[in-house]
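Just so you know, the sequences run in chain order A and B.
Start counting at 1 in the first sequence, then tack on 202, and there's your number in our numbering.
Start counting at 1 in the second sequence, then tack on 1, and there's your number in our numbering.
Bear in mind the hints are in silico, worked out from the structure with no lab data behind them.
Where hints are given, some of them may not hold.
[As the list claims (entries may be wrong)] Below are the SDA-like pairs computed for lysine to any residue, each with C-alpha atoms no more than 20 Å apart in a straight line:
#	chain 1	residue 1	chain 2	residue 2
1	A	K216	A	F271
2	B	K38	A	L328
3	B	K3	A	L328
4	B	K56	B	A18
5	B	K38	A	R332
6	B	K3	B	A46
7	B	K38	A	N305
8	A	K216	B	E22
9	B	K25	A	Q280
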Amino acid sequence: MIQDCSDFKQGPAKKYRAGIFGATTVYAVAVLASVRWLQHNPSAPWKYGIAVLPVLPALFVPLAAVRLFREMDELQRQIQLEGLAFGFICAAVLTLTYGFLQNAGMPEVSWIWVWPVMGICWIIGLVAARRRYR
Amino acid sequence: MKSKLRELRHERSWSQAELAEMLKVSRQTVNAIETSKYDPSLPLAFKIARLFKRKIEEVFEDGV
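In isolation and in its complexed conformation, chain B is listed as follows:
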């Protein structure tokens, strides 16, 4: 699954560590989502979308 997480994070000038703290996850988790190595659970995906005030499909693409 592709995500626009890195793009959205850069828009706000947040570091991975800062975003991780806001989401209550590890920095490694943020990095793994940004690099498409890990697909977040639905609750975490919603949390990310809410944080950036976007719809979930505006942040994540299923890549089909």
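Chain A with its partners taken away, still in its complex shape:
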């Protein structure tokens, strides 16, 4: 979660960024290790467990985001809420629309693209909300 609190409480935002950086680094290492391992052991019985291993460091992100959200001031929280609400609904409408288009013959798209769509919609919502209170 991006936070622009200018001079307000740089501590929590800094801690959040450090935590995200740490989690992302562990995640990247876990992805590389998991993919490499799966290439060498494609029929191992525990391959599904190894495939989802990178999710473990990623679980840190929602916890850190909730902690940061609680430490924000009320306007920053409102801005984030408006951004997230826009991102959530916008991504739902877009993915649902594409689902209908797939029924009509558009190429199948991996579920992995849902999150980037949601992320882009969230950033658009966040920028709009920030401008509103500038």
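Since the structure of chain A is already known, use the hints to place chain B on it.
Chain B in isolation, oriented as in the chain A frame:
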């Protein structure tokens, strides 16, 4: 909701950043309240009134 926050802040020669630090909010929040783009919560409104040693209705007007 209209506020006299900017006026009161200027009387004390405080910057928005200084006031924000005293209120433990962001500078953007102070600016949004001053420009009537954001109505503060009741606890924050009381905190502002207490800081300027005023009654809450002396700082904020409901604009009715």
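Unsatisfied constraints (hint numbers, rising): Result: hints 3, 4 and 7 break, sorted rising.
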